[in-house]
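Novice: Hints are included, so try docking the two chains, each in its own frame, into the full complex.
Residue numbers (our numbering), protein chains in the order written: chain W, 90 to 241; chain V, 132 to 923.
Don't take every hint at face value.
Per the computed footprint, the stretches of chain V lying under chain W, defined by three or more beta-carbons under 8 Å from a beta-carbon of chain W, are [to be verified]:
hint, segment
1, 157–168
2, 461–471
3, 654–663
4, 699–708
Hints listed in this document are in silico derivations from the structure and should not be mistaken for laboratory results.
Don't be surprised by glycine CBs; every beta carbon is placed ideally from N, CA and C.
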Amino acid sequence: MHQTSQFCTFYLDQLLFGVDLKEVQEVIRELPMTPVPLAPAVVSGLMNLRGQLVTALDLRQRLELGPGEPGVQPMNVVVRSPDGAVSLLVDEIGDVVEVEEATFERPPETLQGKVRSMILGVHKLDARLLHVLDVEKACEVGENFAAAASSQ
Amino acid sequence: METAETDCADTSLSRPTGGTMDDIVQDFLIESGENLDRLDQELVQLETHPSSKELLASIFRTIHTIKGSCGFLGFARLEKVAHSGENLLSRLRDGDLKLTEELTGGLLAMVDAVRRMLADIQTTGEDGVEDHCELLERMKALSQVQPEVKMLVKPGIDSSGQIGTSLPLADGNLRSTEPSERNQIAERPVGMVTSVLPTGENGQAMPASGAVREPEVVTDPVRIGVNLLDRLMNLVGELVLARNQLMQFSLRSPDAGLQTISQRMNLIAAELQEQVMKTRMQPISNIWSKFPRTVRDLAHSCGKQVCLEMEGQDTELDRTIIEAIKDPLTHLVRNSVDHGFEAPEARQRAGKEAAGRLRLRAYHEGGQVNIEISDDGAGLNADRIRKKAVERSLIAAEQAARLAEGDVFNLIFLPGFSTAEKVTNVSGRGVGMDVVKTNVEKIGGMVDVTSKAGVGTTVRIKLPLTLAIIPALLVSCRGERFAIPQAGLTELVRLEADEAAKGIEMVHGVPVYRLRGRLLPLVYLSKELRLDPQGTDSEGRDAAINIAVLQADDRQFGLVVDEINDSEEIVVKPLRRQLKAVKAFAGSTIMGDGRVALILDVLGLAQRASVITEAREHGLGEKSAALRGTARAKRRYLLFKGPHGSRMAMPLDILTRLEELPSADVEKAGKQWVAQYRGEILPLVNLDFALEERRQTRREDSKLREDESDAPLQVLVCDHEGRNVGLVVEQILDIIEDAAELKYPASRPGILYSTVIDERVTELIDIPAILHAAGIGSAEVAAHFAKSAEAH
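Chain V on its own, in the form it takes in the complex (with noise of 0.2 Å):
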């Protein structure tokens, strides 16, 4: 510890100083920060192929590079845990050693040491205090292993000795680096490094900055900060706005030369602007070069073998993008090795390689990028997530058992969930998918799990190109104009005059349009921005309206605007801090005319809207969508009068629509009511005798409605297994919206529990097993419709 000490004190005289010693610093922490990185991955490398000459020559220079730099720039505890490492690789070269598990571990330890350090030097300046010993004496040992190992030295290798002279590097060179002659290097003057350097094509490979360059660099890419690219970036946008501006007036005046200069203008602008935008992009090979470390330290840890393969490595993503998804993807692929992949003996069991293969994949299609990390191990249990859902009071027990196995996967992107036994350093915390969900979707993105049992689980995420230029539609609504992203846009809907006031229609003050016979909510822009000025409410029922059919999370909404304009490509500015509390807005954009125009935020916008609640990050996915009330998320009901004046609600979004049906239209079917409905047949189930308790059994042959009046049956439209079914009910009562946190249980069969809903209690049915009840829903019965229908 004392010499280690006065080593520090002697070397930090020898530092050059000035003031370019905190750039040389700088300079050597980035470059080492690399250099480490390919390290990693090359360790990795030559555990598969521990033949390879060039992987160990390359892994050898990188060591000896930043060996060289720090005794140079005198960090001496550095320089000594680099300097063992070397060591150790000389031997392994000179094939003194056999590359061993316990070896690439002890390398990735020193890389991991020397990492830690850099860190150090990047906050404190110095080396940090520890002294490393531990790591040292492993590493001493290491290298002192028998020679004997050379006799287990494969043929392939035995050529090998030979390695020296093979090298890239001069013979010469690498001789003068001897293990027993390195040992002094550290005692040398820093001046004397040289001695050691590759020296190559240029004799003087110690370029006066004191940063090493390897030889056999051809490319010289430059490093810019991100802030001078940004920068370049607005400039490009502003000169595309110069230059839209110009073209106008180009166009009205009458000069020739003008005309032609501005034609350029125009082209090499639109040029730049194209290039300047590649800047931005960078391969996702950014962050996969770290998994192969990754997965290899966490295989070994867990006892598993991981075989690593990426597809698609240049891949291009912005790189807001490539930082955002960064740790999701880090935490996807330590799930697979951890959970995902069996024991190497259960595996050989159930006929399977003994190492698991796990596939990194990245794509292009359709202005998406998708990626896929997918494992052939043992694919999610959907008994064992259901129970744990259950368990952890996620969904009800009753929903669980109800879910299709594809969406009962996608439960393990709910808050709170996790199915690992025992909590492990890495994984197992009940955090993690859904914060992969949130962080996804927060920049756009959609993720989705497949899994089959004994077969293996795939991850997709699918990822917008960029976030910085997007595809957006430009409304406008009172003067004004917004731009919608395209990502949330569905469909566009113009509806004339006369086809408005006939088209929308209200559920109790709602407005509502059928959109293919499913009911869409509408949202007036100018309503929900607060466009009009106070008092007016024009809704104009009576002019054209035009519909943006937009998709928020798993729900879709109609935006009724005044005008839709174009689609553009639009540059994302984002909105001061002022600004950002108006969760209506995602940002803003500088249109074609120099003015500003507001980017609207789907997903803001329907929550304000209610069309979506706050707390959509529970949410599942369309098809699961009725496991929402019990995520306690606030969903939405239909309150409606059941037999004998009972307040009974059901979740809105099963209903398809409400219908009034005149009761002539009733006819009967066998023993069914139906009623002919759009080109269909609709089985009617009056909710009076459905709930009726079991002893009285259905009277089947009974009147549909007790009272034999000719007033109109209100019916429930509902979505059952894909067919419509009618409910006739007494009254429809009202739309609320309600966590209905408080549950009791039900006291008869077809209810599912029930609750207080407006201080009043209400009994919420349970679709399935009413209609079950009333003999529809099950695949005979639909047949026999299809048979009746035929007969008809």
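Only chain W is shown next, with the shape it has when bound in the complex (with noise of 0.2 Å):
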């Protein structure tokens, strides 16, 4: 009997991520966002998901990644952070997959950087690499960019 665990994926920049499903709320297709200025260019901005206050991040930027194609229309996958519901826009959603924990690495050393600490490590399926999103170090924007405004 081997562990298993189950994965939302999704796409951006044609690398397939992962975040565990019991953290995912769930995925919507856009919804009218309010953007937020003066706030780090990471908050894409705020979004009102029946109710519920959601901060939308651009995980492509969040990543690194690069600006995503024009006129694609980003899907929000909607994941609990311990402050509250927090919307990831990615380029793409994929299927829940399940995998075995023998599959899953470590990140290589030589990915480096604040990306690094935002994956957990990978999964080694068949075809491609499943990234394993840290969902709540994702979310952590509020603290980088009040230290970055502080020591400014």
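Specialist: As structure tokens, then:
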């Protein structure tokens, strides 16, 4: 009996990412978004998800992947963070996949920089690699921003 | 000590087991907490009405309930302490003892001990390790007072020999709790506790849960977690949004049935919203109920007599606000008792009653809640406050001397201010009033103090009713909507295109608008929030301009927006952590169409735009704005060229306008140069002459300026004691912001001090002194001018 876990997968710049299914609240198409002036660039805006205030984060920018293709409407992966719901904007939604713990490996040492802290590791799937996103770290925008602001 | 431990071990064995245990203990803690609060109040009341049988009965019942419950739950130490209190009370009730101050003190100490143990139970699950020997001894000693006390009982209380029968409790029950018998209660099996419970209407007063209910409780409030209420509140907000969408949809639909239903839905949702909002409201008595005890204890320890009056206890406030003002209010009350009142003898010498009157008053007014804390004590001593403020270098001596009395009192809100001659454990540590002010302002309130020597002091606090739903003005800018809280909004000004071109002027590149003769700095929202794409800078000077005049702290500024839409009640939703660092927004709200709009933080915005400085906590109020510079806050100055090319500065806030007057407009009235200006006569003072040394005296009949050129005069129009005075200067240089920390003494009259601004020595002019030297500013001169104005 192997340990398995389920991931909600999505694509970002041709890369396959996954977040633990238990952390995902829902996946939705576009919602009207209110931009927040002066906010960190990673914050795309605020959305009203049935009365719940959701901060939308541009995951491409968060993971330093460069801007998305123009005209492509990003999808919202709404995750539960310690500080309420956060929507991660992604290019495309994939399937829910079930993987065995054995296929997991820590990111290689050659992966450096800010991004490393947000990627827990990869699952080696048959055809490609599934990047496991650390949701909590990915949503920690406020502190970084505040720290950056105060150090200036 | 040993016996206590074995007691504890014994009883813990007999505790009910199982998963419900925690719940029972939790219920017991909550209920006992409430009971103790009531005990505090009742004991203090009992002190003033020692003959009240109802009070005594109620106190007895409360203690008894606590004792009964903890016996059942196996908290032996707690039970012992409660038992000692009960003992004392029963003797009191039987008339064996008379209520004295020591007795009340003992009972209150007992209540405190019980409270401590409850806190221990909350954290550790056990009733602490303290054995309370001292307290128990004290209680025992108190209950063994000589029976001769009974002879001293007043006739009114004499009849209370019958108290036992007139109590609402069944007589037999009380008799069964004679002290001698009750000593054994602790040793009885837990189940026996039932036998000393008041039976009343329901013979089975001991419910299975172990919670002891009072038989006379008729209404049954239900405890609900705050989380649940918040969730309900959110859901109602959501329902209202869904309703709005349904309404819009039904208007477009030809179906009459749907319209009827949506109308009903509309009404129900509105009603529901209103009711759910009410669940957030709590009466102010939730805080005040603790004050009788606080005041009593404090008055005793200070050797003062204080009588506390409370008015408007039912005044309701949002619970978040209640939570926020709890500490400031407590501090103010303590402060009043500790500093406000004189000692009883001093009061009597002053012809007042020995007991001081501390009055708390709360009432609604104009959508706000007012809270007043007034005492009839000695009042604040303006001179002492001045002296202290100067001593602590909070302000400069000459400024202190110039402050009006009303403003002097507001000095007590400065950080680091305290006049307490001795540090007590209550107050006098130099923190406090500034914290009060900061906390009140944090939730959008205001605090003010008035005082009269020998008559008393009143502190007034104005608070918003709720923070959850606020009236707001909706504006839009570059297609985005923003909400401005009405509390920060003073007025709206709309300038049509041609007016805008003329009305908006520049003070060295900084846009200002003359609002009724005063310069209003303008802040462009699009610029401040960087709403325009990089590079473009469309200040739109050719279009109509909408200005929302906002009040930030004590400054006004005009916020220029594209459109002013509507005012609406909005539900405030706090911003998430990711956006907390953005100071320009106070929160967000969801609009009728389901979109999110950001709520502007007027203070934050003003700080961003440097209308006010970050150090605003040091501020005092508009009238004493002149203090800012010395409170080490950054402050704005107008730099100009004075006589012989020297650099001078004056604070921007006393400047009304900058004018260029054609020299032909200058006339002479008597010995004074004047100009007609906006329907009034503006006295003109040439700084060149005003600052000349004394011995040269004023060349009164000389020219207003040395060169006879026709170039227009640069005039700084200042507000001096309610009227305008024009200072003629060489050249206006700049507006700068500087802390002006280094001060060098003035080298000549008319100068406050020299400082270094922009790495150059700059003299700060003392406007009142200059005007005085020029013979302007005194009332006689004003009258003279009024006369000469008539002559014209």
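Novice: Indicate, hint by hint, whether the structure satisfies it.
Specialist: Against the structure, the hints come out as follows:
1. Closer than 8 Å: that is the beta-carbon criterion, and the segment 157–168 of chain V has 0 residues meeting it against chain W, so the requirement of 3 is violated.
2. Counting residues of the segment 461–471 of chain V whose C-beta lies closer than 8 Å to any C-beta of chain W gives 0; at least three are required, and the coverage claim is violated.
3. Counting residues of the segment 654–663 of chain V whose beta carbon lies closer than 8 Å to any beta carbon of chain W gives 3, which reaches the threshold of three, so the coverage claim holds.
4. Counting residues of the segment 699–708 of chain V whose beta carbon lies closer than 8 Å to any beta carbon of chain W gives 3, which reaches the threshold of three, so the coverage claim holds.
Consistency note: the structure conflicts with the earlier hints numbered 1, 2.
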